[in-house]
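Going line by line, the protein sequences match chains H and V.
The first sequence begins at 1 in our numbering and counts up by one.
The second sequence begins at 1 in our numbering and counts up by one.
Please keep in mind that the hints were generated in silico from the structure rather than gathered at the bench.
All C-beta atoms in this analysis are idealised placements derived from N, C-alpha and C, irrespective of residue type, glycine included.
A couple of the hints might just be wrong.
To be verified - No more than 27 Å apart at the CA atoms, straight line, and that leaves these computed lysine-lysine pairs for DSSO-like:
#, chain 1, residue 1, chain 2, residue 2
1, V, K497, V, K17
2, V, K736, H, K39
3, V, K372, V, K286
4, V, K296, V, K372
5, H, K301, V, K736
What the hints assert, rightly or not - Distance windows between CB atoms, simulated:
#, chain 1, residue 1, chain 2, residue 2, range
6, V, S131, H, N205, 33 to 43 Å
7, H, K301, V, R149, 41 to 51 Å
8, V, S131, H, R291, 52 to 62 Å
9, H, S99, V, A526, 49 to 59 Å
10, H, P133, V, N70, 34 to 44 Å
11, H, A61, V, A16, 51 to 61 Å
12, V, L669, H, N205, 50 to 60 Å
13, H, P81, V, L669, 29 to 39 Å
14, H, K301, V, P171, 43 to 53 Å
15, V, S131, H, K301, 29 to 39 Å
16, V, L669, H, D11, 31 to 41 Å
17, H, K301, V, E119, 38 to 48 Å
18, H, N79, V, R102, 49 to 59 Å
19, V, D52, H, D11, 44 to 54 Å
Each chain, written out:
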Amino acid sequence: MRPFKYVRASDAAAAARAVAANPRAKFLGGGTNILDLMKEDVERPNELVDVTRLKLSEIKAASGGVSIGALAKNSDTANHPLIRRNYPLLTQAIVAGASGQLRNMATNGGNLLQRTRCQYFYDTAMPCNKREPGTGCGALEGLNRIHAIFGWSDKCVATYPGDMANALYALDAVVRVRGASGRERAIPVGEFHRLPGDTPQQDSNLAHGELITAIDLPKSNFAKNSYYLKVRDRASYAFALVSVAAALELERGRVKQARVVLGSVAHKPWRSLEAEAALVGGPASEESFRRAAEAALAGAKPLAHNGYKVELGKRAVVRALMRASRLA
Amino acid sequence: MARYIGKEMSRVDGVAKVTGRAKYAAEFRAPNLAYGFIVLGTMAKGRIREIDTREAERAPGVVRVFTHLNAPKLGPKASTEYAPPRNTREQDKSFRALQSDRIYFNMQPVALVVAETYEQARYAARLVRVSYDTERHTTDTEAVRGSARAPSQGSPPKPRGNPEAAMKAAPVRVEAEYRIPVEHHNSMEPHAAVAAWEGDKLTIFDKTQDVYGVRAHLATSFGVPEENVQVVSPYVGGAFGASLRPNYYPALTAMAARELKRPIKVVYTRTQMFTGHGYRPYTIQKIALGAEASGKLTAMIHQAVHNTSAFEEFNDNTTGFTRQVYACPNLLAPTMIVATDLPTPTWMRAPGAVSGMFALECAMDELAYALKIDPLELRLINYAETDPESGRPWSSKALRECYRLGAEKFGWKDRKFEPRSMRDGRLLVGWGTATGVWGAFQRPAIARITLRPDGTAHVTSATSDIGPGTYTVMTMIAAEYLGLEIERVKFELGDTKFPRAPAQGGSQTTSSVGSAVHGAALAVGAKLLTLANQDASSPLKGATASDVEMLDGRLRLKSDPSKSVSVAGVMRLNNLSEVTETFESRPSPERQKYATMAHGAQFVEVKVDPDIGHVRVTRAIEVTACGKIINPKASHSQEIGGVVWGIGMALQEATEIDHRYGRIMNPNLQHYHVPVNADVHEVETLFVEEDDKVVNPLGVKGMGELGMVGIPAAIANAVFHATGKRVRELPITPDKLL
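Could you build all of it, start to finish, from the sequences and the hints given here?
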């Protein structure tokens, strides 16, 4: 890889200041994504600010919900009793991702910031506006079986590949960040990632130098009826073709509240308010779930090789809701 | 009676491997070692216009940057225009890097950066700037299949009978096209070489299945006698055919070492492996079967087209085994090739066979459904009692036993014929079967045994052990026939200082090298008998070599073990510190009277989630008839590995090429999927042993390839049975089942 400066941050403020001061600096968490990308010459930071020693790994009960430290490991988060009991959807989503070894290394903050798995992004000999703005999108008319069916632009058709964020979105989580000036703000997970538009090089709405400190989960009524479904090319250790985070609050067989978030279909976790509206007030039944699935995929715009994601997405939504409501 | 042969034996090299003592090519060190990193090109066809290495040369630690401008010409013709080999049999003319400005394929090596450390070399490699004059390229086999032609080597196989007319006349016909994408071997160990020269003598540590092949290639490359080149390759972390031919990196590494007068190491990255060693070619197969209503085949027309490179012919012989599987009087089965601007394909586990049998065995399943005959029954109806191609008898063939045993173990009689007729809750259950075949090959091989008076033996032959357990099986054979405890036998391989053995490919190592070890052990016994009988009081007087055997330090009469001499005693009497015999085994002429093949039957259960298209291979039973099993433990392991390979080929593996750029877009294990543990469920492997005195003295046939041959077809057939959907294009991913 290219030579870079390594700095170990002593506290969150210093870390944020260090990165903010250098436009080519990046935070280093578990390193499971950025180090790979640096070896492939895709990421070229000239400074890494290691935040792994910061005391941001606590998982604790907070104001009716749970606050998860940004540096808590994915494994520890998935296995924490508070998460397992109150947010099983999150446990399922995390465990569906990567491998045991990677989850032991990867941090929650880093998981949110993992970059796309688009093949053109990974190959520096290929055009990619996300990697090198202005070079074009290789996938738009190239191999795009794993690419977006929602929200893409002619500049970028990549997807956000993660699992954890889809569940967090369904659980109304909020990302806490801290800027170089010390200013803290809270970004709802749904507004954390962004669509590519004309600037696909920007994955998220974080400002340069803003450090994720925690992810807050509000009290949830979804624990009883939620399910994370991941459809992929092999049983484990593969990114999703389509995934669905489904969460229902049921009252006497009717849906009081619903969340339907699709993964690997857009540049960000893709929540379907249309599907949720179709569900709320209706019965928890396969027929109702089918209507919701139709609504969820109605606006899809598939590319040459990913038309299957529309049908697969519908079926995955139905299946996830059936599982969530324990009908299947 | 046998002490070792046929008994379970753990790998003799197992402890060395799991403790890290086993050294693989990239782990060898040499004083003053420098590291080379390969720079790959970024277009598919044309010429290098300019290559700017100045920035790379200025980078820290860089020793030199080699390009076609400053690399010496390698090979017999030191011309500026690289003269490519015509076909893959011309081993010594394999593709060599940096020989001209010509680009034949995308991700072709265009420079080698040598630096003091690997990291420095890799970093500087990014600083090499290359510009090209591009020409129109073709990498899509589909687009050029119309210009496919017969391979130039050998005459195209003649049709049998009158296939066209018979097909027209057949009361029942099926016809379909099958497709297999480019696939890569993806062995765990990346290819690597460490090369060091002393004067005009070269020592190279390489990952190879064929040390003598690499030696010939390097001797020709550098114009030195073969004896000047020593190739060392004691351990190979999987190869599957990717190290059968000399790849371009050993000569590149040795070239840099010679120019810089210091040892050089080059290791492929995973990405570099995708254009660094060949691949299973993209294969399109059109197959038609004609049959009587009884199920009897009357015509088979199986036409394969696969790609090769623009500069070299590779023939996968896709349809080769189609001629020998079923009794059928009318047959046409050509394999055609077509040039593409990709690297040359190569042999990949079960080359040709698994591709051809995927099409043939799926077509047999289609025919079974057209006829409404049980798929297994259809195979029995068309059982080839003698070789349909030559008319010769089989040296042995227990395929019928394999079908019977597999069906019984699997519970095939409970299968419901109709597709979508079996369920497990929401899941669709499918049962599929297919036949596997592979040749029982043997090639000349030489082994040397040195027996010492202390009852230890040193056995050598320059074969390879890419994972099947060759170290173990050769040790077992030597121990058996020398009559020694296995701990007292040391077998060594993978070095040109040892006697010549063929490449470890084609499932012929135990038959070839095992026969040589067996022969050398008998030769040691014969030598000892001669020595013993120089003593007038020898109790073995009058005995011939075939009358005696060795056991626990004694040479004794088979018919009367009480008549024996001490091996150590004989050596002492003759003032010998050792007895060494070298033996070359050759295929016996007797084989010519027979057809020699190994067979197997595969039974697979899949469970398909009909909503999301996910396929799980929940059960696989593989029954194999491949002669005598020497080490059941390693043999089962081989066949289980074959099943896993079959699962990968059927459901996951595909090298994706963006034809606009002629570039492989998934050259890594993130995007190129192979099975993980969670994809592999119940796998049971069984052997039906054959007593075959013809194939070779040990009665063994190959099994390494055989284990996967029928699996992709069996899975595809099971998927059809489960879903009613016939997927004719591998891999069967969820999107194809919606």
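Okay, the hints, checked on the actual structure:
Restraint check: the Cα-Cα separation between K497/V and K17/V comes to about 23 Å, which is no more than 27 Å; the hinted pair holds. A hinted pair counts as satisfied when its Cα atoms are at most 27 Å apart, and K736/V with K39/H does not qualify at roughly 34 Å. For the hint pairing K372/V with K286/V, the CA-to-CA distance comes to about 22 Å; that is within 27 Å, so the pair holds. The suggested pairing of K296/V with K372/V holds, with an alpha-carbon distance near 13 Å, which does not exceed 27 Å.
A hinted pair counts as satisfied when its Cα atoms are at most 27 Å apart, and K301/H with K736/V qualifies at roughly 19 Å. A beta carbon spacing of about 39 Å between S131/V and N205/H agrees with the range 33 to 43 Å that was offered as a hint. For K301/H and R149/V, the hinted distance range of 41 to 51 Å is satisfied, since their beta carbons lie about 43 Å from each other. Distance hint for S131/V and R291/H: a CB-CB separation of about 57 Å, consistent with the stated range 52 to 62 Å.
The hint said 49 to 59 Å for the Cβ distance between S99/H and A526/V, and at roughly 57 Å that hint holds. Under the hint 34 to 44 Å, the C-beta atoms of P133/H and N70/V, about 36 Å apart, fit the expected range. At roughly 52 Å, the beta carbons of A61/H and A16/V sit within the given window of 51 to 61 Å. The supplied range of 50 to 60 Å is broken by L669/V and N205/H, whose beta-carbon atoms lie about 32 Å from each other.
In this structure the hint that P81/H and L669/V lie 29 to 39 Å apart at CB holds, the actual value being about 35 Å. About 50 Å separates the C-beta atoms of K301/H and P171/V, a value consistent with the hinted range of 43 to 53 Å. The beta-carbon spacing between S131/V and K301/H, approximately 38 Å, falls within the hinted interval of 29 to 39 Å. At roughly 38 Å, the beta-carbon separation of L669/V and D11/H lies within the given 31 to 41 Å, and the hint holds.
K301/H and E119/V have their C-beta atoms about 44 Å apart, which keeps the hinted 38 to 48 Å range intact. At roughly 57 Å, the beta-carbon separation of N79/H and R102/V lies within the given 49 to 59 Å, and the hint holds. For D52/V and D11/H, the hinted distance range of 44 to 54 Å is satisfied, since their beta carbons lie about 46 Å from each other.
Consistency note: the structure conflicts with the earlier hints numbered 2 and 12.
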